[in-house]
Amino acid sequence: MTMIKINGTGYETKAGETILETCLRNNIDVPYLCYHPDMQKQTRCRICIVEVNGKIQTSCNTLATDGMDILTDTEEIKKLRRMNMELMLAGKDFSSYKGTRFAEVAESVGVTTSRFGKNSNKKIDEDSPALIRDNNKCILCGRCVQKCQNVQTVNAIGFTNRGHATEVTPYFNRSLNDVACVQCGQCSLVCPTGAIKEQDNITGVMQAIADPEKIVLVQTAPSIRAAIGETQGMEPGSLVTKKMVSALRKLGFDRVLDTDFSADLTIVEEGTELISRIRNNGVLPMMTSCCPGWIKFMEHFYPDFMPNVSTCKSPQQMFGALVKTYYAEKNNMDPSKIVSVSVMPCTAKKFEIRRPEMRDSGYADVDHVLTTRELGDMVKSRGIDFQGLDEQDFDPLMGQSTGAAAIFGATGGVMEAALRTAADILEGKELESIEYQAVRGMDGIKEAEVEIAGMKLKVAVAHGLGNARKLFEHIRKNPAEYHFIEIMCCPGGCSGGGGQPIPTTNEIIKKRNEALYREDQGLPFRKSHKNPEIIRLYDEYIGSANSEKAHHLLHTGYSKKNQF
Amino acid sequence: MQILRKTELRAFERAKALGPDKVLEELEKSGLLGRGGAGFPTARKWRMARDSAASEKFVICNADEGEPGTFKDRLIITKNPEIIIEGILIAAYTIDAKRCFIYLRGEYEYLREGLQAKIDEIKNITQTEISIEIVRGAGAYICGDETAILNSIQDMRGEPRIKPPYPVDKGLYDCPSCINNVETLANVPLIIEGGWEDKRLFSISGDVREPGVHELPVGITARELVEPCQPKERIKALFFGCAGGCIPYKEEMIISKDTVAEQGAMLGSCTIIAVGESRRIPDVCKNIQEFFVHESCGKCNPCREGNYAMLGLLDNISNNIGSDAPDDSISTVEELAGFIKKCSLCGLGQASSTHITTALQHFREEFTK
Ligand code: SF4
Ligand code: SF4
Ligand code: SF4
Ligand code: SF4
Ligand code: FES
Numbered sequence: 001m002t003m004i005k006i007n008g009t010g011y012e013t014k015a016g017e018t019i020l021e022t023c024l025r026n027n028i029d030v031p032y033l034c035y036h037p038d039m040q041k042q043t044r045c046r047i048c049i050v051e052v053n054g055k056i057q058t059s060c061n062t063l064a065t066d067g068m069d070i071l072t073d074t075e076e077i078k079k080l081r082r083m084n085m086e087l088m089l090a091g092k093d094f095s096s097y098k099g100t101r102f103a104e105v106a107e108s109v110g111v112t113t114s115r116f117g118k119n120s121n122k123k124i125d126e127d128s129p130a131l132i133r134d135n136n137k138c139i140l141c142g143r144c145v146q147k148c149q150n151v152q153t154v155n156a157i158g159f160t161n162r163g164h165a166t167e168v169t170p171y172f173n174r175s176l177n178d179v180a181c182v183q184c185g186q187c188s189l190v191c192p193t194g195a196i197k198e199q200d201n202i203t204g205v206m207q208a209i210a211d212p213e214k215i216v217l218v219q220t221a222p223s224i225r226a227a228i229g230e231t232q233g234m235e236p237g238s239l240v241t242k243k244m245v246s247a248l249r250k251l252g253f254d255r256v257l258d259t260d261f262s263a264d265l266t267i268v269e270e271g272t273e274l275i276s277r278i279r280n281n282g283v284l285p286m287m288t289s290c291c292p293g294w295i296k297f298m299e300h301f302y303p304d305f306m307p308n309v310s311t312c313k314s315p316q317q318m319f320g321a322l323v324k325t326y327y328a329e330k331n332n333m334d335p336s337k338i339v340s341v342s343v344m345p346c347t348a349k350k351f352e353i354r355r356p357e358m359r360d361s362g363y364a365d366v367d368h369v370l371t372t373r374e375l376g377d378m379v380k381s382r383g384i385d386f387q388g389l390d391e392q393d394f395d396p397l398m399g400q401s402t403g404a405a406a407i408f409g410a411t412g413g414v415m416e417a418a419l420r421t422a423a424d425i426l427e428g429k430e431l432e433s434i435e436y437q438a439v440r441g442m443d444g445i446k447e448a449e450v451e452i453a454g455m456k457l458k459v460a461v462a463h464g465l466g467n468a469r470k471l472f473e474h475i476r477k478n479p480a481e482y483h484f485i486e487i488m489c490c491p492g493g494c495s496g497g498g499g500q501p502i503p504t505t506n507e508i509i510k511k512r513n514e515a516l517y518r519e520d521q522g523l524p525f526r527k528s529h530k531n532p533e534i535i536r537l538y539d540e541y542i543g544s545a546n547s548e549k550a551h552h553l554l555h556t557g558y559s560k561k562n563q564f
Numbered sequence: 565m566q567i568l569r570k571t572e573l574r575a576f577e578r579a580k581a582l583g584p585d586k587v588l589e590e591l592e593k594s595g596l597l598g599r600g601g602a603g604f605p606t607a608r609k610w611r612m613a614r615d616s617a618a619s620e621k622f623v624i625c626n627a628d629e630g631e632p633g634t635f636k637d638r639l640i641i642t643k644n645p646e647i648i649i650e651g652i653l654i655a656a657y658t659i660d661a662k663r664c665f666i667y668l669r670g671e672y673e674y675l676r677e678g679l680q681a682k683i684d685e686i687k688n689i690t691q692t693e694i695s696i697e698i699v700r701g702a703g704a705y706i707c708g709d710e711t712a713i714l715n716s717i718q719d720m721r722g723e724p725r726i727k728p729p730y731p732v733d734k735g736l737y738d739c740p741s742c743i744n745n746v747e748t749l750a751n752v753p754l755i756i757e758g759g760w761e762d763k764r765l766f767s768i769s770g771d772v773r774e775p776g777v778h779e780l781p782v783g784i785t786a787r788e789l790v791e792p793c794q795p796k797e798r799i800k801a802l803f804f805g806c807a808g809g810c811i812p813y814k815e816e817m818i819i820s821k822d823t824v825a826e827q828g829a830m831l832g833s834c835t836i837i838a839v840g841e842s843r844r845i846p847d848v849c850k851n852i853q854e855f856f857v858h859e860s861c862g863k864c865n866p867c868r869e870g871n872y873a874m875l876g877l878l879d880n881i882s883n884n885i886g887s888d889a890p891d892d893s894i895s896t897v898e899e900l901a902g903f904i905k906k907c908s909l910c911g912l913g914q915a916s917s918t919h920i921t922t923a924l925q926h927f928r929e930e931f932t933k
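Line by line, the protein sequences are chains R and B. As numbered in the working numbering, residues 1 to 564 make up the first sequence, in order. As numbered in the working numbering, residues 565 to 933 make up the second sequence, in order.
Careful: at least some of the hints might be erroneous.
[To be verified] To give a feel for the contact side, a few chain R residues facing chain B, derived at Cβ under 8 angstroms:
id	residue
1	R46
2	F116
3	G441
In case anyone wonders, no lab produced these hints; they're calculated from the structure. Backbone N, C-alpha and C define an ideal beta-carbon position, used for all residues, glycine too.
Excised from the complex, chain R in its bound form:
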């Protein structure tokens, strides 16, 4: 057993744990900014200093080793931290950090003004539909760069210049909109200051709600119900589907519908496409297409896989295309008066709705995308007591869903959902065993071999683009190995999406995913093709899966994009 002393009390350390980690595990407060439990240590901010055997050291990278005597809160350390914070705030406007982790740390250190620096006046990069970058707020903690370069391997952003002129910018100092950035927002998820954050769509949504002429419909992605509670003071892993529906009604949405419905639709379309590719010697392995971050990544870096990617739109876009057609028709609504809003764990979806292909209803299929964080802010600013809300159900016609759709939010979930449907169709009967454990969990790349109707299907799942890249390099060398691939751009799947609540860590993602699997188990239907509203949609509107009408509304195409 290894013991260290922190502020005079003995604590046990775990192998490989740093001083900061031991402190946090034991609820001893040490401020930190550049450290993130899931990423490489950088030691840029230096705010996490402690005294180790009489010497000042950063705690985030120093391993806790036997017999260390650590002081976290001496007068000297407090003074050094205050100076450090003053320098971080040099030339900055403290009020611009409201609600961020940085503001919290600054307050805990006891500094909110600075003796140093003149107000900085750097250009704000707001061209991207998904993200906005304001370097006037940036403290150069480097978390975003780590995420983009090491986790996502996209390298859209990096450090430029030296010394005091150092900045985080997209390469060649361009706008984020003009580089090979996949708009995943993973950078914004780890940014402690809000210097990179999602584009605000709250204003547009509020205006639509306030407009009596408009009918405002909202859809909620699978992973929101397992994450939105965190923005309202609830524990990670809280499943709050019905309170979320209540909250949306309270906010004034005219209809509260569910992306889970169209996730089921995606599975029926995609499962049918897979079966047809297998039967007709189509291009294999087929790759999932429900994640716009991965689609953009593919268009920039792996366009050779374009024929492999399913032509199905993402659930958000299938939903969007139906809302102003099928749903409007059935409800006698004028589609030009409908404002279609989605709540997504995702910033890439803010980009996706602006793709020119996404107007198959004759209008913009989706008008506004709110992230989980934005919805959380709306609920809070309305003063809604979320935890005390009653439980309500989604509106009908596009509000019912199955367990297969719920797990879309977790890595491996789309694969599992597709296998549930494909197996039933291929075997021609209803199978009892529907849980595919091998594709669940947080391993970066997961593989499984499943036997369906005498056929051996080999499948693989990757999440996080760094893992996706590894898988693609492998497939390039072994093109015939797999039949079906699921790719999710964000680590952990949409539960770890770039629009999810801050903080998001692998630990928290696991809890959100567990909640989604709980949701799956609790629902009456667990296979997408069994969803009664989906069956009705095909009967009354689309005809059959992959039909001409389906292709018009529910499928799309891709185009090669530059790497630079």
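Given the coordinates of chain R, work out where chain B with the ligands should sit on it, guided by the hints.
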């Protein structure tokens, strides 16, 4: 100068005859200390690299002489490149490395051709399988930091790495890497061949008519150092490069690592800038501060923002000297200097305020009057 003696590969031959263990013994006996500044015992560094079981190891010669006022490595590279190459070969042989690099300061690109010709010539004579590649420095002071050199050779941003791991354990491409300064490596053949004396190269400049490199034994007086360079006026202070801080000039003071350290400064790589009495110390500090603001790599907050803020304070002080305004900025300067030293990530930042703390220690009245 002893450092310009030609050893004609005799030392390399002798090293091979002795075997690595004996080479290490002789180095240990000599007591050779690294000449880069830190003064780490060379034999100990080599032994650590030799003891590592890794299959691939590297030797890196740090020729990124970036400290203002330092030009001793340039002298050796120009006048006796063979001895550096021989030193590298002995190091590679001793620690069992096959690939070596010379990280050559960007501004010394014009020396590359001559150096390369010597490498080819020696490779030809010795037929050794040890390779030596010249890598062009990124033109930043920070790249003189051992770990920043590693990043730079690996084509990454020239930022220092977090230590540990130390380069001798996990350096270039995560393999054990023995990084030595040019002057250190040039001393090795002299030691192995025999007849070596522990002398150091002093780069002396400032308010003198004859700046230059002088090879001197350690332990001579300040006057013996400065007089031969013909001071232009009475000397008031000696600055040890930008990073080493300053001491008041006292003719009979012995200049050694320890005596300089007693005054709060660092002898480091023996760079001496003599400052005449007509100059104002706060102005000198401001100039040095400009250097650090320019050379901070920008990775960590204390050095990046701290040095920038410090320049503002010094600028203010140097503009307001003579005016009677009460100045609490001196105490802010001291607080900031202490912070930068204690909290910066790498040696550059940690040393970047030494010039100020020592100037305030020895010439405080100049900052207030
Ligand atoms: S959105 Fe994603 S790809 Fe773009 S800069 Fe951020 S992390 Fe990189
Ligand atoms: S943008 Fe945010 S995450 Fe990136 S370096 Fe700046 S403060 Fe850190
Ligand atoms: S994984 Fe989910 S949250 Fe992330 S980009 Fe894809 S769809 Fe968006
Ligand atoms: S101390 Fe200065 S040079 Fe060193 S890492 Fe920090 S910013 Fe870079
Ligand atoms: S959290 Fe330790 S240096 Fe930033």
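We went through each hint and held it up to the structure:
{"no.": "1", "hint": "R46", "in the structure": "5 angstroms, holds"}
{"no.": "2", "hint": "F116", "in the structure": "4 angstroms, holds"}
{"no.": "3", "hint": "G441", "in the structure": "29 angstroms, violated"}
In summary, the one numbered hint that this structure violates is 3.
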